[in-house]
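Order-wise, the sequence lines are chains U and Y. If you use numbering that gives the first Met the number 0, the first sequence corresponds to residues 0 to 197, in order. If you use numbering that gives the first Met the number 0, the second sequence corresponds to residues 0 to 197, in order.
Keep in mind that the hints were calculated from the coordinates and are not lab data. Don't take each hint at face value.
[Said to hold, decoys possible] According to the in silico footprint, chain Y covers these stretches of chain U (three or more CB under 8 Å from chain Y):
| # | segment |
| --- | --- |
| 1 | 74-82 |
| 2 | 147-154 |
[As the list claims (entries may be wrong)] Listed below are the simulated DSS-like cross-link pairs for lysine-lysine, each with C-alpha atoms no more than 30 Å apart in a straight line:
| # | chain 1 | residue 1 | chain 2 | residue 2 |
| --- | --- | --- | --- | --- |
| 3 | U | Lys-60 | Y | Lys-60 |
| 4 | U | Lys-19 | Y | Lys-190 |
| 5 | U | Lys-149 | Y | Lys-2 |
Glycine included, every Cβ here is placed at the ideal spot set by N, Cα and C.
2 protein chains.
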Amino acid sequence: MLKDLVHRNRSYRRFYQDHKVSMETLTALVDLARHSASGANLQSLKYLLSCDAATNALIFKRLGWAAYLRDWPGPPEGERPAAYILVLGDTAIHDHFFCDHGIACQSMLLGAVEKGLGGCILASINRSGLRRDLAIEERFEILLVLALGKPREKVQIEDIEAGGDIRYWRDEQMVHHVPKRPLKEIILPMKGKTPPCL
Amino acid sequence: MLKDLVHRNRSYRRFYQDHKVSMETLTALVDLARHSASGANLQSLKYLLSCDAATNALIFKRLGWAAYLRDWPGPPEGERPAAYILVLGDTAIHDHFFCDHGIACQSMLLGAVEKGLGGCILASINRSGLRRDLAIEERFEILLVLALGKPREKVQIEDIEAGGDIRYWRDEQMVHHVPKRPLKEIILPMKGKTPPCL
Numbered sequence: 000m001l002k003d004l005v006h007r008n009r010s011y012r013r014f015y016q017d018h019k020v021s022m023e024t025l026t027a028l029v030d031l032a033r034h035s036a037s038g039a040n041l042q043s044l045k046y047l048l049s050c051d052a053a054t055n056a057l058i059f060k061r062l063g064w065a066a067y068l069r070d071w072p073g074p075p076e077g078e079r080p081a082a083y084i085l086v087l088g089d090t091a092i093h094d095h096f097f098c099d100h101g102i103a104c105q106s107m108l109l110g111a112v113e114k115g116l117g118g119c120i121l122a123s124i125n126r127s128g129l130r131r132d133l134a135i136e137e138r139f140e141i142l143l144v145l146a147l148g149k150p151r152e153k154v155q156i157e158d159i160e161a162g163g164d165i166r167y168w169r170d171e172q173m174v175h176h177v178p179k180r181p182l183k184e185i186i187l188p189m190k191g192k193t194p195p196c197l
Numbered sequence: 000m001l002k003d004l005v006h007r008n009r010s011y012r013r014f015y016q017d018h019k020v021s022m023e024t025l026t027a028l029v030d031l032a033r034h035s036a037s038g039a040n041l042q043s044l045k046y047l048l049s050c051d052a053a054t055n056a057l058i059f060k061r062l063g064w065a066a067y068l069r070d071w072p073g074p075p076e077g078e079r080p081a082a083y084i085l086v087l088g089d090t091a092i093h094d095h096f097f098c099d100h101g102i103a104c105q106s107m108l109l110g111a112v113e114k115g116l117g118g119c120i121l122a123s124i125n126r127s128g129l130r131r132d133l134a135i136e137e138r139f140e141i142l143l144v145l146a147l148g149k150p151r152e153k154v155q156i157e158d159i160e161a162g163g164d165i166r167y168w169r170d171e172q173m174v175h176h177v178p179k180r181p182l183k184e185i186i187l188p189m190k191g192k193t194p195p196c197l
């Protein structure tokens with residue numbers, strides 16, 4: 000059931016690094032993105048796949064991790080992603096990518112969860128460094144990096160009060176807690192209508 | 000299986016307008032979005048729900064439909080969406096919404112398909128008109144409108160050659176054909192690596 004998949008699809012940042020993710024798996028995930036909606040059906044997104052240690056290391060060093068965990072510089076060796084999908088925007092097709100990369104990443108992450116994997120969408124990227132290291136042409140805008148692997152951490156949703164603190168945090172057992180705004184905060188009343196009971 | 004859901008999740012623009020979609024269903028879809036990833040976990044998206052005829056009519060007249068179908072002004076009475084979810088960005092939380100609205104819409108659309116419904120993400124919106132009609136405060140940016148209902152059309156994926164024409168089209172039987180770029184066009188070769196066999 001989709002609800003179960005959505006709930007299991009947390010942002011995972013610690014992985015069993017030696018649990019391999021194959022090129023076939025990455026390709027199958029991109030195929031899910033390929034079959035997802037795209038603004039004006041332009042399909043301007045392009046993908047770079049990595050699942051070998053050397054390329055993974057090049058990508059890893061260009062990423063910023065979990066801004067709210069100030070004392071945590073990111074996963075240590077052994078807990079790093081086993082694979083990456085780089086999501087690029089092809090400016091030769093269009094100069095704006097709408098929210099296509101969000102749609103694509105959600106399809107790919109849900110697909111990863113179904114396969115017993117998990118991941119995290121990373122937008123904190125040293126883009127010029129990554130572009131240089133992987134010889135990515137200027138034509139391609141680096142939009143997001145999807146980090147993937149077999150999750151090695153527990154991530155727990157915390158329902159908060161409307162207007163509560165949304166910064167995630169980690170407890171002593173390294174469980175990652177993610178506060179979520181309640182439905183009654185995010186569904187607005189429609190003019191002249193009784194709001195739904197939440 | 001997710002692949003099946005993703006493949007069935009086409010952009011539907013014609014619906015059985017009298018097939019009702021309840022406020023409970025819309026709320027359940029927003030709850031899927033609520034449990035999806037959000038940039039810096041800010042959760043700046045807010046939602047307005049509509050499933051009554053009067054509000055639906057106000058929304059419908061502010062929407063632009065299927066830009067590539069130049070002779071088609073949008074669904075006629077009887078084939079219009081039975082419900083809408085308006086996706087707003089709350090600028091009191093942040094002035095940028097990353098690709099959160101893409102992530103949220105994909106969760107909601109997949110959820111709709113699982114329930115035997117379907118929909119379309121619309122970005123061609125007369126925003127000032129819609130804002131006025133529904134008394135949407137300036138604080139909320141109108142990002143997207145999700146049109147929902149029980150689909151009344153067949154939508155077929157067409158695999159095209161790399162670089163082919165991506166404009167969707169409709170045949171005499173009103174089947175909607177959507178060209179999709181092939182994997183070998185959208186997965187780029189990684190520097191110094193053999194590309195995956197596609």
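Hint by hint, here is what the structure shows:
1. 74-82: With 0 residues close enough to chain Y, the hint is violated.
2. 147-154: Not satisfied, violated; 0 residues make the cut.
3. U:Lys-60 to Y:Lys-60: 50 Å, violated
4. U:Lys-19 to Y:Lys-190: Holds. Lys-19 of chain U to Lys-190 of chain Y sits at ~21 Å (cutoff 30 Å).
5. U:Lys-149 to Y:Lys-2: OK: Lys-149 of chain U and Lys-2 of chain Y at ~20 Å, within 30 Å.
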